[in-house]
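A.B. asks: Protein chains in written order, with our numbering: chain A, 12 to 503; chain B, 12 to 503; chain C, 91 to 225; chain D, 91 to 225.
Where hints are given, some of them may not hold.
[Said to hold, decoys possible] With a straight-line Cα cutoff of 30 Å, these simulated DSS-like cross-link-like pairs (lysine-lysine) come out:
1. Lys386/A / Lys412/B
2. Lys386/A / Lys468/A
3. Lys349/B / Lys190/C
4. Lys459/A / Lys117/C
5. Lys219/C / Lys311/A
6. Lys412/B / Lys385/B
7. Lys219/C / Lys26/A
8. Lys163/C / Lys195/A
9. Lys412/B / Lys367/A
If you're looking for bench data, these hints aren't it; they were derived computationally from the structure. Since this is a predicted model, take the numbers as computed values, not measurements.
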Amino acid sequence: MVQNKKIPWEEFLAKREEIRLHWQTGQSELLDFETAVERLKNVPDEKNFALKLRKAKEEGLTLTQPRAGVALIDDHVALLKYLAEEGEADLLPSTIDSYTRQNRYANAEDAIKQSEKQKRSMLNGFPAVNYGVEGGMRVLDETPVPIQARHGTPDARLLSEIIHAAGWTSNEGGGISYNIPYAKNISLSDTIRYWQYCDRLVGYYAEQGIEINREPFGPLTGTLVPPSISHTIAIIEAILAAEQGVKNITVGYGQCGNINQDIAALQTLDSLTNYYLKLFGYEDVYVTTVFHQWMGGFPKDESKALGIISLASAVAALGKATKMITKTPHESEGIPTKEANAEGLKASKIVTRILKEQRYSSSKELEAEKELIKKEVNAMLYATLNVGKGDFAAGVVEAFKQGILDIPFAPSEVNAGKIMPARDAEGNIRLLEFGNLPFDDEIKTYHKNALKKRGEKENREVSFQMTIDDIYAVSRGNLVGKQDPLKEFKTP
Amino acid sequence: MVQNKKIPWEEFLAKREEIRLHWQTGQSELLDFETAVERLKNVPDEKNFALKLRKAKEEGLTLTQPRAGVALIDDHVALLKYLAEEGEADLLPSTIDSYTRQNRYANAEDAIKQSEKQKRSMLNGFPAVNYGVEGGMRVLDETPVPIQARHGTPDARLLSEIIHAAGWTSNEGGGISYNIPYAKNISLSDTIRYWQYCDRLVGYYAEQGIEINREPFGPLTGTLVPPSISHTIAIIEAILAAEQGVKNITVGYGQCGNINQDIAALQTLDSLTNYYLKLFGYEDVYVTTVFHQWMGGFPKDESKALGIISLASAVAALGKATKMITKTPHESEGIPTKEANAEGLKASKIVTRILKEQRYSSSKELEAEKELIKKEVNAMLYATLNVGKGDFAAGVVEAFKQGILDIPFAPSEVNAGKIMPARDAEGNIRLLEFGNLPFDDEIKTYHKNALKKRGEKENREVSFQMTIDDIYAVSRGNLVGKQDPLKEFKTP
Amino acid sequence: MHTVVIGVIGADVHAVGIRIIEHVLRKHGFNVVNIGVLSSQEDFINAAIETNAKAILVSSLYGHGEMDCKYMKENCEEAGLSHVKLYVGGNIVVGKQDFKDVEQRFKKMGFDRVYPPGTDIEEAVEHIKEDLNTA
Amino acid sequence: MHTVVIGVIGADVHAVGIRIIEHVLRKHGFNVVNIGVLSSQEDFINAAIETNAKAILVSSLYGHGEMDCKYMKENCEEAGLSHVKLYVGGNIVVGKQDFKDVEQRFKKMGFDRVYPPGTDIEEAVEHIKEDLNTA
Ligand code: B12
Ligand code: B12
């Protein structure tokens, strides 16, 4: 049974030897710890992800960071440079391709060759394992700001080894958040172990005086996820990381669309993560937050996409998110061109800068929403701890089995998939079906009443059709999905 | 001395004969009242500006309206059609060119000819007087939504006659708002009289059962105008219009940039206008509000411009403005292409639609800002009434003379030009110099303290340099202007 | 009642669209076999053989669709499924490309119908009905 | 201390930029004659004659600049002001046009320097100093 216990050093080293054999680039001498530590110590402060986040939080700034990654390293470097210079990105990513995420390095190798031949990227990201530490170093050296790996990899151990040795000072992911939304039938025990390894690695570097940032993937499926659910996962992953020695953690949240709910979510994300980390004995972890611009389906029209991007930026800035992952006007179509990516960045940048001196005022509605989130998070955390007999790692596995933790629209079979979200009349994400979530009647009644009101307003039943309408809504220019009375289903 | 008294009908008719002689199109038979009334009665409801605004207010929607106007009528019609179809504009304008605004119809005629020759618009708007009632009718008939004339014309009497006879059911302007920001040395008594005429005309149509909307120009100089000042002018112009029989009025406000101040402004604009109209005996006027997207200098970068446009849209929607005048990504450069204009419209549209179910919550900060605005408006209105010995029209003339009313950065010599605005640390527009504004010490101290805090934060003196920095700020990507320490002045 | 196999091909985990496709096809009376995300060509083909399906709807969102769909038609034919209609949709290539080009490439690969990003599934339903009833 | 005449030409009422231009030129030690908005060519020329100015800065924001500036150079010459440098800036044409074209058109009309939208006035100050000291 997996447990929330720091991996013993010898065990870690033994595993490490094994993992370095997964692909030839694992054998590079640059992966030897002495070399890697040296390399990381020489990363200048302004290229250290963890330090830049600390500074931003202190100054009340919301930093911008795009998604970006292409198959060929020359193009990848050029792309990142462009996004920093023309796009004014404060932080850079390297989005990893989907073959690498599934550890299919041979497929990635093929695709690199094909991309070279066809002179266009046949991959949806940068195959960092195939390019190895040397490639990663080049990417960092030729770009002006800190770099983070962003992916969706259930088993990112080799990838993590490579990127950190290359001097990349942040890694996204987690045993839950990179499993449930990104896999079909990988066991949670396995992915938690894999990510304990990645965190232990960062913990080791921390012991050497090197601050590396870790970021659980906040938005999960990006599809109508209620804030309390993503918060609970983020807090558990923060605790799991802290146990392995991670000292700098960014917890994340994807825009829901109702501003009051979004601000309540951002404020509680910060306060609750800090609260529970301390409660469970992790005293010296520096917590920052990341806001993801709308993660669901985007409208096709590029100006409308920029409208949503800018609105998201306003929310991030008012909610004092430390950073924000930006979208692009090409979102609904495909991986963006560098120009489209920079457009999203620039629109985001000016909005966050214009609003940097402003905050969202406290109000009755805001405090009510925060209370609800707090209660729900508390209920899920304690139920998880309970079924784990006091251990969060064991608890997560059991909680997912029982549906105590449940993520809407997840592809994973490990996930119960019994809850169903829908928006209330003001666009807040509420629950239609609670599955086995450990919520008391007060909470459930709150959700039910909210949805009932919407039903009354729209003069229709509260049902899965609302959920479907809500999934389409933003891409069609609304937040609360409208039923289309013209669309009647006929049987063939 | 000009007075706030309904123009006697005979006097109006006599003036009318005279005005119709100002340019040949004034002699069209379509201007005869019988024909004009007939025409207006046949305008379908969905093309009636006043009715569409009523409906939007009842539904809590914020409608979108661009600026647009070119020299040649074919191009103008095509432009408006495009903005309604591709840009999804809810309302259409016809922005009038600057020669027409100065009643220089002969210059406009030249420019039309030149435009025909050069095949590009040599005018910054549509010369509606030159095209006459026939032209205006064609514009309305070939476009799908209500049309309003938007201009900046001190003497718009002939223009107003022509557009209403053509079936356009809204006219922007006012004796103060189309003088002080738009002229150098035209007397206020004259422009108030000109606009009393325009209002009397609308009042006449109202008596015939035709609802026409009138809109004082809210943002004035668009440059750091504190909300209480533009509110005061808007309310006075609403009162002057109501006296002449206008029944449907849209009062306006230009985005300041601090969201709390902007929402406070929008809410008080609606409540105060209604309050004072009733207080002074105008019971049956339907009031709506218009929010102008940022009216100061724009950034050159088009994505950044769209960022500001979208942010403005969020504020308009949360503040429940009935409509919003949109800007475009070309704002800093010149009159936009139709594509750029549609881009601004679409970004605006999606943001207002996404937020349509949401409102801004009441908070301590919001109520405090509203209180301040109310006090200031009240002080200026009563001082104006006082120097007018109970008459608002006479009062305005005297109040401007004494600097009791004073608009920052106005070109008009009628304006005292003694006040100076600057932003506080959160970006609210405050006053640095009060000139002769009739504010009590409590109000003045509030402003002074706010600016003092900014000075302390930025470690510099509160001075005109702050104002200059604030004027540039948004175009450079900030709200609160940053001093540029590199820029030291040397004498040649 | 026609049987159709639906799923998301390759290393792709986008799970939302396919769920709605399932829902809509069911409402239209189809017998839907949803093999879910992360499905290989073999998974599609086996499911089609087992259930005697008349059509396969391949969804691909993540960008690798072009590589994942290579030789799918040939593999279907080899498995004796030449009669089975092949549909593909989603965000089937990397980046915003001219859709006419993309459509041609996939038609050459043997797909009967190719759908651009964000296609309303109702539209495809009409095509499927048409194709299966005339077939 | 050089004298320069500044103003906004034609039916143009944009009053903010010119105010800042005045402020900055003063700080740099120029003797500034600001004739304000809504100024005709004659206003500029008369002011320059009266004050013996070395340069005229024409600001035009509203789009009619091209028409308002027609024959301005010729009119200056006629008034005996051939030696006076002519600058123009702001948003001097209608719409977003390629600035190189615009610059050429205005240079042909006799303007010594032509500035694109949003020019930092500090930049122009350097030019004016240069032009007037070598003149
Ligand atoms: C939500 C989302 C995610 C979620 C998915 C959660 C989950 N497990 O389901 C998360 C965050 C996990 C995610 C991950 C990734 N994503 Co993603 N994602 C999206 C997003 C925003 C919405 C997709 C969605 O759910 N739409 C709502 C549903 C209802 O619509 P739909 O999927 O388009 O399906 C409808 C129609 O297209 C049509 N349809 C679909 N298939 C078919 C097939 C046929 C035959 C027919 C007729 C019709 C049809 O009918 C469906 C129902 O109406 C899209 C962009 C967008 N559309 O705005 C990107 C997008 C699909 N993702 C993309 C990418 C690259 C990724 C990642 C590789 C990288 C990353 N961003 O982290 C990973 C991939 C991981 C993997 N291995 O697959 C790209 C694909 C790029 C490309 N093709 O060039 C997109 C387009 C974003 C972008 N522009 O970059 N993603
Ligand atoms: C504020 C504003 C207004 C205010 C002006 C208030 C007032 N009385 O001053 C109001 C709302 C009244 C207004 C009215 C109109 N405006 Co206006 N306005 C603006 C806006 C948003 C900002 C201008 C400004 O104050 N900028 C701040 C100052 C500091 O910058 P600046 O003016 O650019 O000046 C600086 C530099 O350009 C440079 N500079 C300027 N001149 C010169 C000259 C020389 C020689 C040099 C070296 C440098 C130089 O130095 C200055 C100081 O740094 C601009 C668009 C923009 N820039 O974002 C449109 C803009 C100038 N307006 C425009 C138009 C069309 C109008 C109207 C016709 C229509 C309308 N929108 O109602 C009327 C015109 C009325 C008239 N007869 O002039 C257009 C002009 C279009 C074109 N050229 O193609 C613009 C560009 C907007 C647009 N894209 O459509 N406007």
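A.B. asks: Now tell me, hint by hint, if it's right for this structure.
C.D. replies: Here's how the hints hold up against the structure:
| no. | hint | verdict |
| --- | --- | --- |
| 1 | Lys386/A / Lys412/B | violated (61 Å) |
| 2 | Lys386/A / Lys468/A | holds (28 Å) |
| 3 | Lys349/B / Lys190/C | holds (27 Å) |
| 4 | Lys459/A / Lys117/C | holds (26 Å) |
| 5 | Lys219/C / Lys311/A | holds (27 Å) |
| 6 | Lys412/B / Lys385/B | holds (23 Å) |
| 7 | Lys219/C / Lys26/A | violated (55 Å) |
| 8 | Lys163/C / Lys195/A | holds (25 Å) |
| 9 | Lys412/B / Lys367/A | violated (40 Å) |
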